[in-house]
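K.L.:
Spelled out, the chains give:
Number of protein chains: 2
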Amino acid sequence: MSDHIPAHLETLLKLHPADLADQLQRLPAEEAGALLRQLPKETAAAVLAEAEKEKLPDLLAVFSSTQLAELFQQLPSGDAVDLLPHLPAARRREALAAVPPDRAGEVKSLMRYPEDSAGGIMDSRFIALRDNMTVEQVRELLRARAQKERIEDVAYLYVTDAQGRLVGIVSLRDLVFRRADRRIGEIMNRDVKLVRATDDQEAVARQFEHYHYLGLPVLDAGDRLVGVVKASDALAIARREATEDMQLMVGLSGEERALTPWRKAIGRRLPWLLINLLTAFAAAAVIGFFESTIAKWTALAVFLPIIAGQGGNAGMQTLTIIIRDLALGEISPGDGRKALAKELMLGLINGLAVGLIVGLVGYLWKGSLALGLVALAAMVLNQLAAAAAGVVIPFGLKAIRVDPALASSIFVTTVTDVAGFFFFLGLAVLAMRWGGF
Amino acid sequence: MSDHIPAHLETLLKLHPADLADQLQRLPAEEAGALLRQLPKETAAAVLAEAEKEKLPDLLAVFSSTQLAELFQQLPSGDAVDLLPHLPAARRREALAAVPPDRAGEVKSLMRYPEDSAGGIMDSRFIALRDNMTVEQVRELLRARAQKERIEDVAYLYVTDAQGRLVGIVSLRDLVFRRADRRIGEIMNRDVKLVRATDDQEAVARQFEHYHYLGLPVLDAGDRLVGVVKASDALAIARREATEDMQLMVGLSGEERALTPWRKAIGRRLPWLLINLLTAFAAAAVIGFFESTIAKWTALAVFLPIIAGQGGNAGMQTLTIIIRDLALGEISPGDGRKALAKELMLGLINGLAVGLIVGLVGYLWKGSLALGLVALAAMVLNQLAAAAAGVVIPFGLKAIRVDPALASSIFVTTVTDVAGFFFFLGLAVLAMRWGGF
Chain A
1 MSDHIPAHLE TLLKLHPADL ADQLQRLPAE EAGALLRQLP KETAAAVLAE
51 AEKEKLPDLL AVFSSTQLAE LFQQLPSGDA VDLLPHLPAA RRREALAAVP
101 PDRAGEVKSL MRYPEDSAGG IMDSRFIALR DNMTVEQVRE LLRARAQKER
151 IEDVAYLYVT DAQGRLVGIV SLRDLVFRRA DRRIGEIMNR DVKLVRATDD
201 QEAVARQFEH YHYLGLPVLD AGDRLVGVVK ASDALAIARR EATEDMQLMV
251 GLSGEERALT PWRKAIGRRL PWLLINLLTA FAAAAVIGFF ESTIAKWTAL
301 AVFLPIIAGQ GGNAGMQTLT IIIRDLALGE ISPGDGRKAL AKELMLGLIN
351 GLAVGLIVGL VGYLWKGSLA LGLVALAAMV LNQLAAAAAG VVIPFGLKAI
401 RVDPALASSI FVTTVTDVAG FFFFLGLAVL AMRWGGF
Chain B
1 MSDHIPAHLE TLLKLHPADL ADQLQRLPAE EAGALLRQLP KETAAAVLAE
51 AEKEKLPDLL AVFSSTQLAE LFQQLPSGDA VDLLPHLPAA RRREALAAVP
101 PDRAGEVKSL MRYPEDSAGG IMDSRFIALR DNMTVEQVRE LLRARAQKER
151 IEDVAYLYVT DAQGRLVGIV SLRDLVFRRA DRRIGEIMNR DVKLVRATDD
201 QEAVARQFEH YHYLGLPVLD AGDRLVGVVK ASDALAIARR EATEDMQLMV
251 GLSGEERALT PWRKAIGRRL PWLLINLLTA FAAAAVIGFF ESTIAKWTAL
301 AVFLPIIAGQ GGNAGMQTLT IIIRDLALGE ISPGDGRKAL AKELMLGLIN
351 GLAVGLIVGL VGYLWKGSLA LGLVALAAMV LNQLAAAAAG VVIPFGLKAI
401 RVDPALASSI FVTTVTDVAG FFFFLGLAVL AMRWGGF
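Protein chains in written order, with this note's numbering: chain A, 1 to 437; chain B, 1 to 437.
Honestly, I wouldn't trust all of these hints.
Stated by the list, open to error - FRET-style restraints, in silico, Cβ to Cβ:
hint, chain 1, residue 1, chain 2, residue 2, range
1, A, D161, B, I266, 50 to 60 Å
2, A, R182, B, R183, 26 to 36 Å
3, B, G435, A, E255, 47 to 57 Å
4, B, R183, A, H16, 18 to 28 Å
5, A, R401, B, I266, 28 to 38 Å
6, A, R182, B, D181, 14 to 24 Å
Since the hints were derived computationally from the structure, they do not count as laboratory data. It should be emphasised that the depicted structure is a prediction, and the values quoted were computed from it without experimental measurement. Note that the Cβ used here is the ideal one computed from N, Cα and C, for glycine as well.
Isolated chain A, as found in the complex (with noise of 0.2 Å):
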């Protein structure tokens, strides 16, 4: 970690530390390392703290723990402990007991709140301030603070009481603007919306999202001034979560990219894929139960993957929109009954519309009102079971504290599946018993 810069890194060094690092991490591992330790540190650093978290294990093993605790000396105290789980035990113990006590006090105090919480995402670096200071005061402040350590994109500065507590805000563009000698409880604002250390990062994300803020003070349960959450965090953390539920309704962990290696991949997928077979089964037990019927009627094996794909495929689409207005917050468990009228309306529409056409197809082709008429009827019910299926699987799993999108297309398909089977073999049965066939 040599502050002395050689030749070939000068113009790395005027990359951004999130495109350094992108070039880093195309890199082999012992070359990743070996350019790492040549970076001053601070930038060393803000490239770690850039880094994908795969990579990370191996980049910081190039570092000895005197040289891990300087670089996270550098870094805001929530980049530190989002790089600890990376080490190994023994390493990151002694990693902090090199850290200065204070620092060290505070990313072990940080370490305290869930990963996805704001205590979890936020800073702990801020810049408070005392209400019976002057704007030229706080002027000095930032100015000294500035020479000692580089401080980040700041957009407001915060005013505590005595024990720490939130008592008030003033924007940069105060210090700018108001006169040098007007005290800080003067011109701040009171009304400071705010969010708590152990808030989901999800109800941050909808915080800036509503406000349209640059930045949120979290407090603790004291109501004390712990950190600070930049928007542009938040909206990394949002994207991830919005695309996170895609994957969990058909049975992913949020983790997997796509060139993520199958080695991982496989422990994770099979096990869902083993839930959906023994759904399957029990669609298929449906079928096996009426195998006398298709041996007498054949045509009836060709009608089933329609009544119930169309089945699985309007589920998906009310599936789809209740757990999208679950996650950003539009609509709450008090909703379910309205939106659950409006999709049996769609169901009754739809599984008349494509119902009848299935039936007449039906008919036209085996001659058979009876297979028309047991189609669209068949149709009609299991397109009112998918869109039950599509409110009520995502609102029960709400409703028990498991994430609505887990798993649940295979759930609603399940349903479809199994209820598509049951209507259109058991229809036809009737339909036969009456002498229709």
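Assemble the complex: chain A is given as a structure, and chain B must be docked to it using the hints.
P.N.:
This is chain B only, laid out in the frame that chain A set:
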């Protein structure tokens, strides 16, 4: 639009405009309109900027064209532009005619950019400096501006040349920290990250995520600064885009919510169900082709949904990962081959694992080794088909410049249905011919 405030409005006026908009939207249209007219015009304008698109025609209807022109002047041009499509064409012209020419020109020039481009989401009100100004002069300028109009949260100031071309960036922090007599040209950062007005909003969101900036300058084709995008605006967009992909995948318009009236939803959902129906007929035709085979051995019908369903589930897993990574820019079109290799490997392993179970069940249930082997082979082949379809379909849609998410789940499950039925029944025919059954 009286500026005298009745007592019952006072509690409402203490709310943030975003919250006030939420409250108003829950009221019947006339009541909301009446309240809106009583708000001070600055507040009314801010509420309109926060209101939901669907409510805008009703809310805007209560104002005369002159009143609308006054409201537009209270808003950033970008927000004013967003309101225009919700006015009838004649009123739009009247309102624009009543806006002072320079603001109207600004609004009209913004209308050139597509709604989902950087130009469409940017705020065209920004503070541009010249490089020969001193820090003190800039402070004076900002103070003067702040008295005339409400300056939104500003994190950066931009430096332009005589032609309005962007040459540098100064953060508000610099204005606080730097000596009053320093020249902007000396302290500005010349290495500015920027976006083009025609860039897709998705690309803008990706820049924010990558660099963690609070704002990004927007340049036109002549490198002139034309606006600024804030991180929090990009956040709202990114979340919506990400969840839109989920909806597109299953054949839904991105604009439908859980409580969208069914009359509006039906016209958007039914066409996709009908397309799905066409593909279902294709799959059914495969079964119809093998009807005589099923007549000989109806147990085959029981296995059809298992082979097809497992393929559909695996295909959805692959598809979801590819679409997510394409949307987040985490894989490039050149990575398609690597992703395909990974998915085929997963398909082989999953196919063998699931196929062995299904084959064993088939063997034990009917005592036919041939049935078990046919089920195993069809399962492996269909898992490989699912992997190929899950990669090739989204990459193919992207190559022909169609959104890779568009109804792609319908295409993928068509492949897995058709291929699953064909492999299973086709192999069964071969097995029968060889005397296996």
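K.L.:
Hint by hint, which ones does this structure get wrong, listed from lowest number up?
P.N.:
none
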